[in-house]
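**Student:** Chain order of the listed sequences is V and H. Under our numbering, the first residue of the first sequence is numbered 44, with each subsequent residue one higher. Under our numbering, the first residue of the second sequence is numbered 65, with each subsequent residue one higher.
Hints in this document: simulated from the structure, not taken from any laboratory. These figures come from a predicted structure and were not determined experimentally. Don't take every hint at face value.
[Stated by the list, open to error] Quick list of in silico lysine-lysine cross-link-like pairs, DSSO-like style, CA-CA up to 30 Å: (1) V:LYS94 <-> H:LYS295; (2) V:LYS82 <-> V:LYS223; (3) V:LYS63 <-> V:LYS267; (4) V:LYS94 <-> H:LYS300.
[What the hints assert, rightly or not] Computed beta-carbon distance windows for the label pairs: (5) V:LYS321 <-> H:GLY318: 40 to 48 Å; (6) H:LEU234 <-> V:ASN66: 44 to 52 Å; (7) V:ASN86 <-> H:GLU382: 32 to 40 Å; (8) H:GLN261 <-> V:ASN139: 31 to 39 Å; (9) H:SER294 <-> V:TYR343: 50 to 58 Å; (10) H:GLU379 <-> V:VAL339: 46 to 54 Å.
C-beta: ideal position from N, C-alpha, C; glycine also.
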Amino acid sequence: MRTITYSEALNEALHEEMQKDGNIVLLGEDIGQYGGVFKVTKNLFEEFGAKRVVDTPISENGFIGMGLGAAMTGLRPVTELMWIDFAMVAMDQIVNQVAKMKYMSGGQVNVPMVIRTQEGAGRGNGAQHSQSLESMFAQVPGLKVVSPSNPYDAKGMLKSAIRDEAPVLFIENKLLYFTKGEVPEQEYTVTLDKASVIRNGEDVTIIANSRMVHFAQEAAEELKQDGISAEVIDLRSISPIDMDTILTSVKKTCRVVLVHEAHRSFGWGAELVARIQKEAFDYLDTPIERVASEDVPFPYSLKLEKEVMPQVQDIVRVVKGM
Amino acid sequence: MNVQVKRPNRLNIESLKVGYETMLRIRRFEEACIELYKQGLMGGSLHSYTGQEAIATGFGMNLEQTDYITMTYRGRGHAIAKGAQEKKLLAEMLGRVDGYCHGKGGPMHITSVENGILGANGIVGAGIPIAVGAAFSAQYRETSQVAVTYFGDGAINQGVFHEAINMAALWDLPVVFVCENNLYSEMTPLHESVKNQNLAERGFGYGVEGIVVDGNDLEAVYHAANEAVSKARAGKGPTLIEAKTYRTEGHMYGDSETYRTKEEVEAWRKKDPILQLEARLEQELADFHKYKQELEGRIAQHLTEAIQFAKESPEPNEQDLFEGVL
Numbered sequence: 044m045r046t047i048t049y050s051e052a053l054n055e056a057l058h059e060e061m062q063k064d065g066n067i068v069l070l071g072e073d074i075g076q077y078g079g080v081f082k083v084t085k086n087l088f089e090e091f092g093a094k095r096v097v098d099t100p101i102s103e104n105g106f107i108g109m110g111l112g113a114a115m116t117g118l119r120p121v122t123e124l125m126w127i128d129f130a131m132v133a134m135d136q137i138v139n140q141v142a143k144m145k146y147m148s149g150g151q152v153n154v155p156m157v158i159r160t161q162e163g164a165g166r167g168n169g170a171q172h173s174q175s176l177e178s179m180f181a182q183v184p185g186l187k188v189v190s191p192s193n194p195y196d197a198k199g200m201l202k203s204a205i206r207d208e209a210p211v212l213f214i215e216n217k218l219l220y221f222t223k224g225e226v227p228e229q230e231y232t233v234t235l236d237k238a239s240v241i242r243n244g245e246d247v248t249i250i251a252n253s254r255m256v257h258f259a260q261e262a263a264e265e266l267k268q269d270g271i272s273a274e275v276i277d278l279r280s281i282s283p284i285d286m287d288t289i290l291t292s293v294k295k296t297c298r299v300v301l302v303h304e305a306h307r308s309f310g311w312g313a314e315l316v317a318r319i320q321k322e323a324f325d326y327l328d329t330p331i332e333r334v335a336s337e338d339v340p341f342p343y344s345l346k347l348e349k350e351v352m353p354q355v356q357d358i359v360r361v362v363k364g365m
Numbered sequence: 065m066n067v068q069v070k071r072p073n074r075l076n077i078e079s080l081k082v083g084y085e086t087m088l089r090i091r092r093f094e095e096a097c098i099e100l101y102k103q104g105l106m107g108g109s110l111h112s113y114t115g116q117e118a119i120a121t122g123f124g125m126n127l128e129q130t131d132y133i134t135m136t137y138r139g140r141g142h143a144i145a146k147g148a149q150e151k152k153l154l155a156e157m158l159g160r161v162d163g164y165c166h167g168k169g170g171p172m173h174i175t176s177v178e179n180g181i182l183g184a185n186g187i188v189g190a191g192i193p194i195a196v197g198a199a200f201s202a203q204y205r206e207t208s209q210v211a212v213t214y215f216g217d218g219a220i221n222q223g224v225f226h227e228a229i230n231m232a233a234l235w236d237l238p239v240v241f242v243c244e245n246n247l248y249s250e251m252t253p254l255h256e257s258v259k260n261q262n263l264a265e266r267g268f269g270y271g272v273e274g275i276v277v278d279g280n281d282l283e284a285v286y287h288a289a290n291e292a293v294s295k296a297r298a299g300k301g302p303t304l305i306e307a308k309t310y311r312t313e314g315h316m317y318g319d320s321e322t323y324r325t326k327e328e329v330e331a332w333r334k335k336d337p338i339l340q341l342e343a344r345l346e347q348e349l350a351d352f353h354k355y356k357q358e359l360e361g362r363i364a365q366h367l368t369e370a371i372q373f374a375k376e377s378p379e380p381n382e383q384d385l386f387e388g389v390l
């Protein structure tokens, strides 16, 4: 099978869906002629024109609100927040408006809107361009929150997100854009609400999302050398959480490690700890462990940044200590 | 930069009667809500539209059912003027299943998509970009629909107003920005939060025509609305209209109103938009008092039936609770 980058896979998803559905419009900063800072919208302006690929002013709250108004009146907007940190500027529209409009209106209207954005540290971008904020949004009923870890899922899940009748916060990762993976040429989609067991194992379940899935895989490979068989689950969807897949694995391995780039305190790992102990308490041989970013803002220094965020060796060490 | 002040054009008697009936319906509806609120039948806060009826009415008369509006938490007036039914509004006020939002929205979130009402809003200024998005959608789909967004003087200091009006201007979107300046941003006098004499001036900073109008004069509002809506429908872009008015009730029911004097409120009551329109109608209609009596009777009857409908409507049940989240 051919291999393409995560960025190219996303670009293909947008391209194919826009060809199929004339009501899809893109709204965001520098997404037009420039093609997006991570080139996800490359060449779409040339193909679909300024009417459908709209460069907005730097007005995140304003253009997310516009996307909502457009979604309520027949369009399927795909908006882009260049960095998830910038979503903080648009919190009113995302949390108070987009997420609640269907419910507040008593179900009169769907909000078929995608908010694409990217997160993650490891690039020396400093405190305001490195955060992983998916847990914050997963706290808000009315939003689907997903974070694909590879090109295949990126393409298939973005297509599903665009076709979904609910608002989807689609979180990419800045250090995954130029990683490659197998992506078929033929049409496919990936469902939004299912976790994926990407490595089978017997001794421990490592659950991770986004770029941390790759760290978990590397850790599992290293643990194998020491005779430890780790199962790895790519969470894919933060909200809703696919508890069936998780519990099946937990009941088999009886040990759980949760890995995320989001800060440890109140991160989605805490939610999973609560749910797993409630649903599978008798199966657990050890307390559930979390490997997550330290509770400090991301420092600029690459050396310090590495200390803050989870590393493969942290996962290995935690598993061996269980 | 000088704003343009719109003077009233005379409306014919039929239009005056249409406007009068709508304004009276809104007034009596809001009065009924206060009574129901006092009876403990509503949750939360109640923000009355009393005193500002000419604005929603003057615009509503210039809009089609397929046009869009977003509005403030004083939004029942705008909804009635846009075609909403009292009985479904009242059922929503009481949190019942027959309300527009099946009891899940409430007074601050009145929405009726079939009437183009894209929502009242509990967050000051938040409806503005949503209306701009609806206008973007209308332009994209090449319909002749127009969006109108109603907001207060307080909203003009929210960042999102500036973001939204800039984008509307940039793309010549078919939207009208209606700032209902009732002189108080919640409990704070406007002069303590704004230096401008006329809020309409702020349009010019974005390349948008700014118009000032007497918001208590139906004919003046109608005239300004007609021009702005026609301009938007013709693809000539947005207008910012500042309608100067006054809310004669508190910010919400139970407001101590320590920020203004009784004399000030009384002075504005004399400029009440309904009183002003009645004075006009008296000149035009020989049998005005009979007409008014008959109309009041009809509205009261209609409202009594609506209240009964709302009170008899069941409360939503537990199965409804998890419906419509995603």
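**Student:** Does each hint fit the structure? Answer for all of them.
**Tutor:** Hint check:
For the given pair, LYS94 (chain V) sits about 21 Å from LYS295 (chain H) by alpha-carbon distance, which is consistent with the 30 Å threshold. Our distance criterion of 30 Å between C-alpha atoms is met by LYS82 (chain V) and LYS223 (chain V), whose separation comes to about 15 Å. The straight-line distance between the Cα atoms of LYS63 (chain V) and LYS267 (chain V) is roughly 45 Å, outside the 30 Å bound, and the hint therefore fails. As the CA atoms of LYS94 (chain V) and LYS300 (chain H) are separated by approximately 17 Å, the hinted pair is consistent with the 30 Å bound.
The hint said 40 to 48 Å for the Cβ distance between LYS321 (chain V) and GLY318 (chain H), and at roughly 43 Å that hint holds. Between LEU234 (chain H) and ASN66 (chain V) the beta carbons are some 22 Å apart, a value that contradicts the proposed interval 44 to 52 Å. Between ASN86 (chain V) and GLU382 (chain H) the CB atoms are about 51 Å apart, so this pair departs from the stated range of 32 to 40 Å. The supplied range of 31 to 39 Å is met by GLN261 (chain H) and ASN139 (chain V), whose beta-carbon atoms lie about 32 Å from each other.
Take SER294 (chain H) and TYR343 (chain V): their Cβ atoms lie about 55 Å apart, and the range 50 to 58 Å holds. Checked against the hint of 46 to 54 Å, the C-beta distance between GLU379 (chain H) and VAL339 (chain V) comes to roughly 48 Å, which is consistent with it.
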